[in-house]
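A.B. asks: One-letter residues, chain by chain:
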Amino acid sequence: MSVTIARSLDQALEILSERPDALILAGGTDLMVQINRGSLNELSTVIAVNRIPELQGWKQQDDTLVLGAGLTYAEMEKSDFAAVAPALAQAARTVGSPQIRNAGTLGGNLGTASPAGDTLPVLAALDAVICLRSAQGARRLPILEFITGVKNNARQPGELIEEVHIPAAQGHQEFCKIGPRNAMVISVASLALIVDQQNKKVRLGLGTVGPVPLRPAEAEEHLSTNVNWAANTVSAATLDQFSTLAAAAARPIDDHRGTAAYRRHAIGVMARRTAARAFTEETA
Amino acid sequence: MTTNHYTLKVNGKEHQVADAWAGESLLWVLRERLGLPGAKNACEEGECGSCSVRIDDEVVCGCLVLAATAVDCEITTIEGLAPEGELVDVQEAFIEAGAVQCGFCTPGLLVTIDKLLETNNQPDDLTVREAISGNLCRCTGYGRILEAVNLAAAKRREVTS
Amino acid sequence: MTDIQITSPVSAPRIGESAPRPDGVPKVTGTFTFSSDLWHNNMLWGGTLRSPHPSANIKSIDISGALAINGVSAVLTHTDVPGSLLYGLEHADQPVLAADVVRYEGESVAIVAADHPETVRRALAAIVVDYQVTAPLVDPEAAEQAEPIHPDGNLIRRLRLRHGDQNIQGEIQVEGTYEVGMQDQAFLGPESGLALPSEDGGVELFVSTQWLHSDRDQVAVCLGLPPEKVRFTLSGVGGAFGAREDLSLHAHLCLLALHTGRPVKMVYSREESFHGHVHRHPARMWYRHHADTDGNLLRVEARLILDGGAYASSSGAVISNATCFAAGPYLIPSADIDGAVVRTNNPPCGAMRGFGAVQTCVGHEAQMDKLAAALGMDPVELRLKNALKSGDKLLTGQTITGAAPVAEVIKSCVDHPSTLIPSDDMMSLPGGAGRTADPHHIVRGQAMAVGFKNLLFSEGFDDYSSAICHLVDGVATITCACAEVGQGFVTLAQQITREVLGVEEVILAPAATATVGSAGSTSASRQTWMSGGAVQKACEAVRQQLLERIADQHQVILDDLVLADGQIVSLAGNFSLDLATATTEPLEADIEYRHAPTYPVDENGQGDAHVSFAFAAHRAVVDVDPELGLVKVVELTTSQDVGRLLNPLQAVGQLEGGTSQGVGLAVMEEVLVADGHIRNASFTDYLIPTALDMPPVEIAAFIEQPEPGAPFGAKGIGEPPSISSTAAVVAAMRDATKRELPRVPVRPTDIVQLENDTP
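Protein chains in written order, with this note's numbering: chain H, 1 to 284; chain P, 1 to 161; chain W, 1 to 759.
I should point out that these hints are in silico values taken from the structure, not numbers from a laboratory. Each residue gets a CB set at the ideal place from its N, CA and C atoms; glycine is no exception. A hint or two may mislead.
[Unchecked claim] Partial selection, computed: residues in chain P whose CB lies under 8 Å from chain W:
1) Y6
2) E44
3) E79
4) C105
5) L110
6) S133
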């Protein structure tokens, strides 16, 4: 195993073009667990990217929120970020522990592409676009094309996740995550609800209930078309149907963290509750 | 095994690391190469906080840092919390409050709490609990630990007032 | 918040005061040496190859690939064990290294010593074991009838307890079947140690353990060495809770050190730790309680089955406790209880804090609540009506001769005002930062439970502890092999010594088999009594020697002499001498301390099997989100029967810590085993309470009724907090959800109860 610290994006890309199979190390919260366990090949090249200035921080660029791949969960919890991306900030707060949040990164969450990745359903609901770079150039993929399966993504050898672009959305945002403990839990099921006031659309992202984050189109359509946008209210019947459609869209499995039936049920409950937070439930 | 040589700055002092295997975590290097076993190895997968150290002012799990990448950083461990032969407020408070039983979680907690009180010297109960939610303790049930934080916070407020 | 006085470290605190720990400063500065912190020049690293199969025959073990790796110094298998292959706490039924069969996932098959842990890992991966996998026996209820998986058979122990008139029937009867999942002790300090070969052909081991001498005795037999050549020294222990009562890496390290001629260090990973120690026995319990219409308990019937896993460990004692305490701290004239612990290919189970009484407390307290409901009676009233007191007979026929303030424990707990501070913060709701609920989604429940168990060892076991007191120049040195695992015995040892000798400085010598006799196990809540008693007696013997010497040397009346504040003083007022001057010639006493004898139980489970008992109660308030099944324990109150408080601050720590382990078992802790495989051998998925899961523990009362025969009248306090806590939390969840919840830990699906959903 050999380790190189990249001090600039260009340096990282150069190393990656020479060693396209290099393991990318950012916060270490996933990769180091594997190294400590002995799961990684002795001949691996590890390239540390957490010193690359071009990957740090976030900024608002016209109608787009530009997030560096090196943005940590702790940075996403901060109030200035939470003001522009509340659901992402809420999700960040649920990742691991404070120590994990100081080190773990947005890019890492995407790179690992775990079905339980906490930012993934939020990014899906935000219509995030993943920006990849290599020595050969750059390309962009919508997140649902980037995450391709369980711990699988479309990053090609030689590519680095550089940024995440999020189209600006004005409106209420919610994130919920279920775990069997009140801190430091892997998600059993999670859900993000994003209200796009301008376009009168509600977008929903489901996490941990499929190999990839899900966008339940029917559920979104139903809520979007049945909300009273003017009054910001919604009927109980709409909430119920929204809940049913969201649950039906989930594709959960049974594992040692939870059953498929429970996960599906939980999605339905969280869908209704988050929608009831975003819109006032009409009394009959 | 390819081997590595690099320099780590720990508790203000430079340490040469030679003939190291590249896959060694910072926690392992501190404990087994640099004679600093204060940070602990309860899980080595980022789930317990017993390995908490400060790197450039952030508290992280030392087990999740590849040692060879921790160059050009200021690393502070439990051994560096106080000057030689002295105790800082959080250490005194832990003893006074009875917050130490087996002591395995103690170094990680002290590093975490020391940082918390730097940013907030009057944290409420929920804030403290969330700040230490990444530090598992199996012996105490956290009661005396919370009391120790209150004691230390009072000491720190006194000093800064 | 519990209000405890904190003693200044400058004074010399004695019995009854909140003395600070003598190891406090090293622990807070990171200089305290735990067994995983040990280091030696020229040392090798050790590692263990473990069976991936819960049941298999071993056809061959090929170590050649491992030996060929550069940096590997030794690869050993069962053929390299010079002495007895088998060891064990109660029965020597477990091989040091598997020979022709493995009986549980994780069983040790080979050990390696090499120059670096990464080399060890590669060497282990290069060992080729030809397993012939066989179907594991995993159902404890089928074990007795199944083919034996061990020459000792599949029934480890059965107790049949028949007490009183077997023909009694009650007009009111309630039945229930309850289950307790497998809990893990989850101590933070991994199994670890350092072994060094000695020049005389023996070996030294520095290790974390609960019982130094028992470990040494077992390992000496396996090494084929006389005990004097096997020298064990206690190094810093990072918690135990029962998991260090059995051997883990002890024999392995000694074998590698002897074989390589070099120091060898071994540290288990957390995953390995889950496989490397025993767990709490999972239990299935059926009960039928009989009462009259006034609520007097008349009879209890119970069938208990505990899954002992592959090897016996201390299962025999666990089932005995479970059976004896099966019905709880109540006076019941008639009982028929059948308790069995069986062998399966599941992970081996043994001691964990509470030792059988935790499981049965879940059962008997659920039954008492069911009975109260059937009677239309208040659950607390029902318990008070039937509560044991001094002079009552247990179900084993033994009369309680010591303190039994069960009613006081219950009343003080339930009468204690709530200390709950209402909070609007989302973080205080079930789900925490997960933001799953709003306040109107939450239902609150409240309930109480009471439990008890024995203190000290039982059934005729020769239970003793040893201590040496050495006094010179006014400074006392105590040598005692009592394993300090965090509970604070080291503090008490100093307090006791100061109390008896009036000294200020008390040095604690290392705990080592070479220098002092056995102190017995740090378990069964016994060390304050037994090792505290040994220290007390050793100090008293030294005091007597000293006073006799002074009386003789200075012609003063012996009976007038006392030790106080570093002085020897005559109460007649005509003599005083400072202790330092009086002890330039050292004095020493080496004492073995025993408690009053106990006796085995007969074929009906009757006999005076125990020394003493301790009782505790908990009241729990739990918030539940019934739609999602998420839970937050928001208040815990406890009272405990303690005999006498020797160190209030440390006592608080024991009650709070034991309570948190009970909370864990109620809401989140379970080793998930499927077909003999552990599915969650990590802290990622074996969840213990964080600071956001534990409420403050309010101590309503320490009930101090001095225990006859106990040094200073003090009862052990370590286990009772872990017994009634689980039962109280699950009872509170039943109150909130109106669900039966017959199983702990309670999972979200147990609360939500979807159709066709079986976890």
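A.B. asks: With reference to the structure, classify each hint as holding or not holding.
C.D. replies: Evaluation of the provided hints:
1. Y6: 17 Å, violated
2. E44: Hint on P/E44: holds, closest Cβ of chain W at ~6 Å, below 8 Å.
3. E79: This hint holds: P/E79 lies near chain W, its Cβ roughly 5 Å from the closest one there, short of 8 Å.
4. C105: Since the shortest Cβ distance to chain W is 6 Å, the answer is holds.
5. L110: 6 Å, holds
6. S133: It holds, given that the least Cβ distance between P/S133 and chain W is near 5 Å, below 8 Å.
In summary, the structure is inconsistent with hint 1 from the numbered list given earlier, while agreeing with all the others.
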